[in-house]
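Respectively, the protein sequence lines represent chains A and B.
Under my numbering, think of the first position of the first sequence as 1, with each following residue one higher.
Under my numbering, think of the first position of the second sequence as 1, with each following residue one higher.
Just so you know, these hints were derived from the structure itself, not from any lab.
Here the structure is a predicted model, which is why all the values come from computation and not from measurement.
Beta carbons: idealized from backbone N, C-alpha and C, even for Gly.
Do not rely on the hints blindly, as some may be mistaken.
[Stated by the list, open to error] Pairwise CB distance ranges (calculated): (1) B/H187 <-> A/R151: 47 to 57 angstroms; (2) A/Y207 <-> B/D8: 54 to 64 angstroms; (3) A/F69 <-> B/K52: 50 to 60 angstroms; (4) A/Y207 <-> B/Y11: 44 to 54 angstroms.
[As the list claims (entries may be wrong)] In silico negatives: residues of chain B with every beta carbon more than 10 angstroms from chain A: (5) D8; (6) L45; (7) D179; (8) E203; (9) D239.
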Amino acid sequence: MEHSGFLSIDYNAYGSALNGVNSVYKVVFFTAALIYGIAADKFAVYLFMMLSMLFITVCMGKIKLGYYFRVMRIPAIFIALSIIAVAVNFSATKTGLFTLRLGGINVFVTEKGVKDSIGIVIRAFGALSCMYALALSTPMADIIEVLRKFRLPEIIIELMFLIYRFIFVLLDTLENMTRAAVSRNGYGGIRNSFCSFGSIGKNLLLYSFGKANATYNAMESRGYEGRLAFYSEDNGIGAAEVVLFILYFAVMICLS
Amino acid sequence: MLELKNIDFSYEDNRILKDISLSVDKGEKIALLGDNGAGKTTLFLCLNGVLKYRGDILYNGKRMSCKELRSKVGLVFQEPDVQIIATTVEREISFGPMNMKISREQVKERTDRAIDALDLEGFRNRAVHYLSGGEKKRVCIADIIAMDSDIVLFDEPCAFLDTRNSLLLESILNKMAEDRTIIVSTHDMDFAYRWADRFIIMEKGRIAADGGIEVFDTDYVEKPMLWQLMKMQGVEDIDRYPRSIKEYGEMYNG
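Excised from the complex, chain A in its bound form:
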């Protein structure tokens, strides 16, 4: 089965060797690393975060290196666009480290601009690597369970569970509807494409209402009375994990 975007990350999280590690531990570890890293705001700390999270995800979690770089590519595009805005300046006079004359305008970069850009890249990738380490080791469902344990309001937890579950159901339906439209030349030409896109969107909305009703019936039939409760067992936190936590943050403190 092919998965893309969020679905592929979630799918890989289920296959990660770190999936069995206590979810609360993982959420606390990665979030604390992120917060500490941003608070310390040091180049060395960010670099350490990037490399250590790469090690955790790829070597410990057994996520393929190629896949890791592929998912990193998505935010990398946005980061690249933002550093262009920071690093590149325009002026009528020739100035800065490197200057390119385009028409009557000088496009140039300054030393400060380059330093700021490198800072942004390191900071962004340091933070991203923490979030990806979490996302690629902990399925979304486990993260929602952790949020429940952190006493997030029940209504938000239930909505998160149902939205998460229905993303997959609706994407399946969308795929089937799109195939059905394509098979009848629904995407042949711009006009047809717009019409098909509109019809599919409308039908998907109506379908989701119908599904929501049917699902509510199914929940009621199993005794649902306003609280989504599931049985789950988390693995305990071992001594090795506690040691790793302490060592990791000791290194971060030393580097900052």
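Given chain A, put chain B in place with the hints provided.
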């Protein structure tokens, strides 16, 4: 065991179930037959206490509220994606028992038993959305087994299943029927004829026929293949009608 007295259900002005009365005994294997729109699914939702009906449903002679019915009667929905709401197989199966307000140990014990019964151990921590149609169906059945219902209703259990999974489902139904009452709504006449002991035919919200295989003599339903074969061979005594190809082979070819 379960007795329905004058059950009526209307959706706005549309009367969907009309004065349904019937009784179901322990250990029966019942096929609920009828065209689309006959009211089979609505009857199931009433039996399960999801829809509020007019009339009485008695369980062992005691009048049941909708909430009480849910703990006695389990319903396996036609579409697994409608029924499955949790994210992993274990959590999904535990949902019903968790709602029954029993201890966590009991929930675990029931969940483990259902996982074992449906051979889902290898899927325990799998995400439900990555399962195949047949696997999802098994999870849905495990959902109900974990609730320990005495009566289990199956709405179109063979829908969306390939032959191999349909046969697997049939063997699961047979095993479940050893200590439960099973009512299956289906359009698959050959399956119903082969599997059930009793046939209830619904037409336009009413029970049109209720009984053994003699109900296939009525005009309300399509005839199963073996039934037609026996008729073509001129066999009049329906007690001699084989219920499966295997029985046919044994009876007519020695």
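These are the hints, each one checked on the structure:
{"no.": "1", "hint": "B/H187 <-> A/R151: 47 to 57 angstroms", "in the structure": "48 angstroms, holds"}
{"no.": "2", "hint": "A/Y207 <-> B/D8: 54 to 64 angstroms", "in the structure": "30 angstroms, violated"}
{"no.": "3", "hint": "A/F69 <-> B/K52: 50 to 60 angstroms", "in the structure": "57 angstroms, holds"}
{"no.": "4", "hint": "A/Y207 <-> B/Y11: 44 to 54 angstroms", "in the structure": "20 angstroms, violated"}
{"no.": "5", "hint": "D8", "in the structure": "19 angstroms, holds"}
{"no.": "6", "hint": "L45", "in the structure": "6 angstroms, violated"}
{"no.": "7", "hint": "D179", "in the structure": "20 angstroms, holds"}
{"no.": "8", "hint": "E203", "in the structure": "24 angstroms, holds"}
{"no.": "9", "hint": "D239", "in the structure": "38 angstroms, holds"}
Consistency with the previously given hints fails for numbers 2, 4 and 6, ordered from lowest to highest.
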